[in-house]
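Asks: Sequence:
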Amino acid sequence: MNQQAILNAKAPKANESTMFKILFIIGLCHLLNDAIQSVVPAMFPILEKSMGLSFTQLGIIAFSLNMVSSVMQPVVGIFTDKKPMPFALPIGLTLTLFGVLGLGMAPNFGLIVLSVIFIGLGSAVFHPEGSRVAHMAAGSRRGLAQSIYQVGGNTGQALAPLITALILVPLGQIGASWFTIVAALAVILLIYIASWYNQRLKVSTARLKKQTAIAGAKTGISKDIKKALVLILLLIFARSWYISGMTNFYAFFAIKQYAMTIKESQLYLFAFLVAGAFGTFFGGPLADKFGKKTVIALSMLTTVPFSILIPFVPSGVAFIFLLCTGFVLMTSFSVTVVYAQELVPGKIGLMSGLTVGLAFGMGAIGSVGLGYIADLIGIQMMVTGIGVLPLLGLTALLLPSDKKLREWHQG
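For the sequence shown, UniProt numbering gives the first residue as 1, with consecutive numbering after it.
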């Protein structure tokens, strides 16, 4: 059995320390990585005007970014579960650096897509390995550790409206090139993280060599685990489609329903995303205290009243409901990652790549599918319809409890 699987299978002891310095650095790198990714959709108004791109072409750009990232993340996870590669982290961000440089200078649609693919590849390499670093540094507080890591990413994504208003509108397409500085900073930080990661692997190998036979006794995935994994993926689908619908189309709904300006509608969207980042942070500690299944189920189901009522309330109330929805729904984001990792403890990279990558992929498909639905039935009906998606959180009640997961892997 490979040494990383041994490391992953090891249950954390109650007194095992949490390495907050490493967690905060990898969380910051996650913020920088996802802030760069958020430059792509933030550039859409600029590219639409400067290059005369159609909405279909803009959709292809978004689809290329999200699908490359989502498809490659599980692939990277499978490979690095077998052979951990600490220095894949700075290498991945170097790909992103070249991608964002190309994005700022590309003279045509084809080179824009190529640049976006580089950004997607860099993201695909970063996310599974970044999640593994958070897992390794977590000690006994895996929920909190994953929250610190994931809140960085969600904060980076939330910056998209500000990036549009403060950087890309004044500077135009070339403004994206300034994010090479952001990417370079991330590369430097990740070289430090990779050195720590590499040293940690050497120590773990020496300490755990005698446990190989015990840890390798159970390597298969049982039928019950597969069922639980399907339920987790269904919940990710529901959450991703709802968030995709809101982030891509709620601004259009607000402009039409409340006669808002573009800037005002972007403020509402920014509030929704920032509340989601806060929810991501608090979800992990809550899961550590009350259990992952409990937080996942309550996160989805408590969202329902707000998500259903948002299209029918005045704008001031809608703002408050958007804050509540973003915060409550996203408390489950990092928790589903940890749940999946503990569901299949020997496949940390794969489970991270599958859960986070699927969220990207579902978001990409959702943006296309929900856009088509909005064209058919109208933006108001579409926003109303997606409000029921969190009801699929009822399926979380069928998930095995945290105690049951421990029994499966210890029995």
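The set of hints was computed from the structure by calculation and includes no laboratory data.
The C-beta atom is built at its ideal place from N, Cα and C for all residues, glycine as well.
Treat each hint with caution, since some may be false.
Claimed, not checked - Lysine-lysine pairs mimicking DSS-like chemistry, simulated, CA-CA at most 30 Å apart:
| no. | residue 1 | residue 2 |
| --- | --- | --- |
| 1 | K202 | K21 |
| 2 | K263 | K226 |
| 3 | K49 | K226 |
| 4 | K223 | K289 |
| 5 | K227 | K49 |
| 6 | K82 | K403 |
| 7 | K223 | K49 |
| 8 | K256 | K83 |
| 9 | K21 | K223 |
| 10 | K289 | K49 |
| 11 | K82 | K263 |
| 12 | K404 | K82 |
| 13 | K256 | K21 |
| 14 | K202 | K49 |
| 15 | K263 | K83 |
| 16 | K289 | K403 |
| 17 | K223 | K263 |
| 18 | K404 | K256 |
| 19 | K83 | K289 |
| 20 | K226 | K21 |
| 21 | K82 | K256 |
| 22 | K263 | K21 |
| 23 | K83 | K226 |
| 24 | K21 | K227 |
Unchecked claim - DEER-style ranges, computed between Cβ atoms:
| no. | residue 1 | residue 2 | range |
| --- | --- | --- | --- |
| 25 | E407 | V113 | 36 to 42 Å |
| 26 | K202 | V75 | 24 to 30 Å |
| 27 | D375 | E407 | 47 to 53 Å |
| 28 | L391 | K256 | 32 to 38 Å |
Asks: Now tell me if each hint is right for this structure.
Replies: A quick look at each hint next to the structure:
1. K202 / K21: Measuring from Cα to Cα gives roughly 20 Å; hence the hint holds.
2. K263 / K226: 45 Å, violated
3. K49 / K226: Between K49 and K226 the Cα gap is close to 47 Å, so the pair fails against 30 Å, i.e. violated.
4. K223 / K289: Given that 30 Å is the threshold and the Cα spacing comes to 28 Å, the pair holds.
5. K227 / K49: Given that 30 Å is the threshold and the Cα spacing comes to 48 Å, the pair is violated.
6. K82 / K403: 28 Å, holds
7. K223 / K49: 52 Å, violated
8. K256 / K83: Roughly 52 Å between the alpha carbons, so the hint for K256 and K83 is violated.
9. K21 / K223: 39 Å, violated
10. K289 / K49: At roughly 50 Å apart (the allowed maximum being 30 Å), K49 and K289 break the hint.
11. K82 / K263: Violated, because 48 Å separates the two Cα atoms, which is more than 30 Å.
12. K404 / K82: Distance of about 27 Å is within 30 Å: holds.
13. K256 / K21: Between K256 and K21 the Cα gap is close to 46 Å, so the pair fails against 30 Å, i.e. violated.
14. K202 / K49: Roughly 53 Å between the alpha carbons, so the hint for K202 and K49 is violated.
15. K263 / K83: 47 Å, violated
16. K289 / K403: Judged against 30 Å, a Cα distance of about 13 Å means the pair holds.
17. K223 / K263: 50 Å, violated
18. K404 / K256: 49 Å, violated
19. K83 / K289: 33 Å, violated
20. K226 / K21: 35 Å, violated
21. K82 / K256: Answer violated: K82 to K256 is near 52 Å, above 30 Å.
22. K263 / K21: At roughly 37 Å apart (the allowed maximum being 30 Å), K21 and K263 break the hint.
23. K83 / K226: Holds, at roughly 24 Å.
24. K21 / K227: Roughly 37 Å between the alpha carbons, so the hint for K21 and K227 is violated.
25. E407 / V113: 36 to 42 Å: 48 Å, violated
26. K202 / V75: 24 to 30 Å: 26 Å, holds
27. D375 / E407: 47 to 53 Å: For D375 and E407 the Cβ distance comes to about 49 Å; the hint holds.
28. L391 / K256: 32 to 38 Å: 25 Å, violated
Hint compliance for this structure: hints 2, 3, 5, 7, 8, 9, 10, 11, 13, 14, 15, 17, 18, 19, 20, 21, 22, 24, 25, 28 are not met, and every other hint is.
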